[in-house]
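Here is what each chain is made of, one letter per residue.
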Amino acid sequence: MSKTAEKFRSISPAEFFYRNKEIAGFSNPARALYQTVRELVENALDATDAHGILPDIQVVIERDPNKPIVYRVSVKDNGIGIPPQYVPDAFGRVLFSSKYVLRQTRGMFGLGAKMVVLYSQITVGEPIEVVTSPINSRRIYAFKLLIDVRENKPIVLYRASWRKESDWHGTYVKVAVEGDWGRSKSKILEYIQRTAIITPYANIYFKDPEGRVRIYRRVTTKIPPPPRETKPHPHGIDLEMLKLMIKSSDASTLQEFLEKEFQGIGKVTAGRFLRSIGLDPSRSLASLTRKDIERLAEALRSYKDFRPPRADHLSPIGSEIIKIGLSAILKPEFVDAVTRKPAVYGGHAFIVEVGIAYGGAIQPSDSPILLRFANKIPLLYDERSDVAWKVVSENIDWGYYGIQFPAPLAVLVHICSTKIPYKGVGKESIADVPVIEQEIENGVRQVARSLKSYLARKKREEEMARRVVTIIKYIPDIARSLSVFTRASEPKIPSEELEARLFEIVKSKVGVAPSIKSPRDVVISVE
Amino acid sequence: MSAPLSTVDIKARHRAAEILRKRFLEVIEAIMRGEEPRLVIPKRTLSNTIFDDERMLLLLGPDKFERSFLDMREARKFMQTVLMASIIFEALINNEYPTIRDLYYRGKHTIRYRDHRGRIREENTWDEQQESDSVLRDVEVYTGLLREDMLILSKEKGKVVGDMRIRSGDDVIDLSKMGHGAYAIEPTPDLIEFIDVNAEFVLVVEKDAVFQQLHRAGFWKKYRAILITSAGQPDRATRRFVRRLNEELGLPVYILTDADPYGWYIYSVFRIGSITLSYESERLATPNAKFIGVSMTDIFGDPETGKKPYLTEAERRNFIIKAKKTDIKRAKELMNYKWFQTPKWKKEIGIFLRKQSKLEIEALTGKGLKFLMDVYLPTKLKTGDFIG
Chain A
1 MSKTAEKFRS
11 ISPAEFFYRN
21 KEIAGFSNPA
31 RALYQTVREL
41 VENALDATDA
51 HGILPDIQVV
61 IERDPNKPIV
71 YRVSVKDNGI
81 GIPPQYVPDA
91 FGRVLFSSKY
101 VLRQTRGMFG
111 LGAKMVVLYS
121 QITVGEPIEV
131 VTSPINSRRI
141 YAFKLLIDVR
151 ENKPIVLYRA
161 SWRKESDWHG
171 TYVKVAVEGD
181 WGRSKSKILE
191 YIQRTAIITP
201 YANIYFKDPE
211 GRVRIYRRVT
221 TKIPPPPRET
231 KPHPHGIDLE
241 MLKLMIKSSD
251 ASTLQEFLEK
261 EFQGIGKVTA
271 GRFLRSIGLD
281 PSRSLASLTR
291 KDIERLAEAL
301 RSYKDFRPPR
311 ADHLSPIGSE
321 IIKIGLSAIL
331 KPEFVDAVTR
341 KPAVYGGHAF
351 IVEVGIAYGG
361 AIQPSDSPIL
371 LRFANKIPLL
381 YDERSDVAWK
391 VVSENIDWGY
401 YGIQFPAPLA
411 VLVHICSTKI
421 PYKGVGKESI
431 ADVPVIEQEI
441 ENGVRQVARS
451 LKSYLARKKR
461 EEEMARRVVT
471 IIKYIPDIAR
481 SLSVFTRASE
491 PKIPSEELEA
501 RLFEIVKSKV
511 GVAPSIKSPR
521 DVVISVE
Chain B
1 MSAPLSTVDI
11 KARHRAAEIL
21 RKRFLEVIEA
31 IMRGEEPRLV
41 IPKRTLSNTI
51 FDDERMLLLL
61 GPDKFERSFL
71 DMREARKFMQ
81 TVLMASIIFE
91 ALINNEYPTI
101 RDLYYRGKHT
111 IRYRDHRGRI
121 REENTWDEQQ
131 ESDSVLRDVE
141 VYTGLLREDM
151 LILSKEKGKV
161 VGDMRIRSGD
171 DVIDLSKMGH
181 GAYAIEPTPD
191 LIEFIDVNAE
201 FVLVVEKDAV
211 FQQLHRAGFW
221 KKYRAILITS
231 AGQPDRATRR
241 FVRRLNEELG
251 LPVYILTDAD
261 PYGWYIYSVF
271 RIGSITLSYE
281 SERLATPNAK
291 FIGVSMTDIF
301 GDPETGKKPY
311 LTEAERRNFI
321 IKAKKTDIKR
331 AKELMNYKWF
341 QTPKWKKEIG
351 IFLRKQSKLE
361 IEALTGKGLK
371 FLMDVYLPTK
381 LKTGDFIG
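Quick note, the sequences are listed as chains A and B, same order.
The working numbering applies: residue 1 is where the first sequence begins, and numbers increase by one.
The working numbering applies: residue 1 is where the second sequence begins, and numbers increase by one.
Just so you know, the hints here were simulated from the structure itself, not pulled from any lab data.
Every value quoted in this text rests on a predicted model; they were computed, and no experiment measured them.
Ideal Cβ placement from N, Cα and C applies to all residues, glycine included.
Keep in mind that a hint or two might mislead.
[To be verified] Just so you have them, the derived chain A footprint on chain B, three or more residues with Cβ under 8 Å:
| # | stretch |
| --- | --- |
| 1 | 30 to 39 |
| 2 | 72 to 83 |
[What the hints assert, rightly or not] Label-pair ranges, simulated between beta-carbon atoms:
| # | chain 1 | residue 1 | chain 2 | residue 2 | range |
| --- | --- | --- | --- | --- | --- |
| 3 | A | V510 | B | E128 | 25 to 31 Å |
| 4 | B | H109 | A | S453 | 40 to 46 Å |
| 5 | B | I50 | A | S453 | 48 to 54 Å |
| 6 | A | D521 | B | K43 | 34 to 40 Å |
| 7 | A | V510 | B | T45 | 26 to 32 Å |
| 8 | B | T326 | A | E463 | 43 to 49 Å |
| 9 | A | Q446 | B | R33 | 48 to 54 Å |
| 10 | B | P62 | A | V510 | 28 to 34 Å |
| 11 | B | H109 | A | P406 | 39 to 45 Å |
| 12 | B | E123 | A | E463 | 46 to 52 Å |
| 13 | B | T45 | A | D521 | 22 to 28 Å |
| 14 | A | E497 | B | H14 | 25 to 31 Å |
| 15 | A | E463 | B | D63 | 50 to 56 Å |
Generate the whole structure from the sequences, applying the supplied hints.
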């Protein structure tokens, strides 16, 4: 395995991706257009909410008037912007990254943007336009870039800057790609809509090639706390990563390395651990042989006495925001959500969040509408192979929760982690990791129980309301009939009085909804 | 109502109206006190129908049920019951004689309402006459007033002739001067006043045609009888009229029906009361009524008593009809009724089940009307050959 990896490194990463564009989601024009939108939107969101900024995102797709398969996608955000010196590398050098730290972000190391640039370059050949203004900067910087695929470095075709007139900060990216709007329309619209569900604190403006504008307005100013960087946990390490970490670390001894680069390892633990595998804590990093590194990697993953991975760097959306998002977009009659406690798989902390929405504007369907998210990214493809699908379609007996399909039911599942266990390279579905499956199932059960009790309460109330109407509708007739018996003798009791009395009796003995103030609110005069 | 009402009529009206008013004032008072309005009504079910051995009557048992307005399943019936009662009450004080069909139409109207989901719905106070008839029965048992007491009319079905004078309304009617016709027994037989009578017994004939033949042949004159037909299942007025003849004038009552389970049941209704209307038996049934025939022993004879059959072998072959499955079933049902469990009835039903044969009264007139009038009936009466 290490041999293959080295062979890959012998060609430029840019070239590798260039040759294998399918794996990054650019397999055909339709998918590529979708992927382009997705990568740029996710970068835009990462530049905003991850830094505590309420996002204003503008997405425009235009069709080239002369070349109908060419689309220009532009995304503008109000994020932190990119310092001008980093712009060429951020868009023009694959695997540009300074440090191996982990942070739960939508994209990882900004790889997606570079794939977009590469794909644009292959299909249309126009440079990418980037306009950015870092927060607190007084200037705006503009670039036109291409990637030198062989050398894996950016080619800057145009560079300019000017004084900022407004207080805008953020980034604007425009790229021309070969696409197919007709075939990707439904997925792109779904993507934008689901993004709106998970980020109800964003303003999202979307203009499609047909000129139609969809606006998802911000419905809350609550924003999840930004995720924080964290060091890797030893249980989640692999050999390649360990090698890279050793290479880039400035620690001198093995013990210092463990202490500085990993979470959950203090001085004492580092020493005890290293001695337990027969390595000298004071040994220099440089002196490690390949065998030593392999042994170290193995032991790091299996040693039991490290502190469990920490989750405080994760950024769940929070049940409040999920409820707000589901309510705003799906307009259901019932909504609930839960954020589970952090759990751990293979050295990675993760948090599962589950939302449920029922009724209202949701159209009934034969199975739950599943809204999957990983680190706030909507997952749209490969639904049936996702662990969340397995949970909602196989593990859960919805009948137990009072749901008979077809039913207007949507279930949202969000997993956040520094490492999402995707199934396959497409990153569209999550693998059946038992502990994750269990967490999702527990979460779904929790919100399903809440739905169940809502439905039961609703049924009771409806039954009550039905019962009351059943009785009240007869009041005028009964009052009129009974008053006939008092007509011939004293005291005469008018029908209206009997009506009022009967209504009072129903009110005190059965209970009447406040909306009904008299029997005449139920019975409509036929005359 | 141009003609002035007779005094009996006015008296009956006042009495019924007063009882209705009192019973329903109870409900009104409960409402004014803020109590849940309810009607406590005797149950009109088979399980609450009891046979009074001593008085030989089918009576309504002691079981009652509560029809509460606040009970969702009873609310509609509650409305219907007070609606029906109010219509009857109004008719009584307005000097009207509604039929049960009139009651149905007077009470029927649409209630339009908004349901719990806000949809506009419509519902009729009642849809079928069956529904209004049913609550009329509830009003009868709730108040203890029969529909005749409340001056509700029904179709006249029974007829009577005989040497007898009665007062109906303000007219005196001579039942011996009806020509070929007969006096239709009015739906309010309690308003009839018996003036004088010259008869020794009452003969009730199930079949109208046989009644007419006996009437034209002068049967009632020759044998000093009051001749009545129920024309099939007797209506309430005919039953009440027969009962009054028996009770007030002391005339024995004989009933002539087909020789089959349906004929037996007609007799049973006259004598014991009907199961569906057991609440009226006390006033309608004639426990002394006798079944004169046609009996199974009339057809086949009775070796035990040495009774000879009225029919010859050849006549039997010609007149007897084979019993149908439903006849057999009905006969077996009758065997379960206590009042059919006397030795004579057991014998009667036993022969029927063995022979699986039935016979219509007309078979006897087929032998000649004279035979029925001058041989069969007088012999039966003289020898006391009937079942009580």
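- Message: Let me make sure I understand: some of the numbered hints might not hold for this structure. Which ones are they, in numerical order?
- Response: 12, 13 and 15
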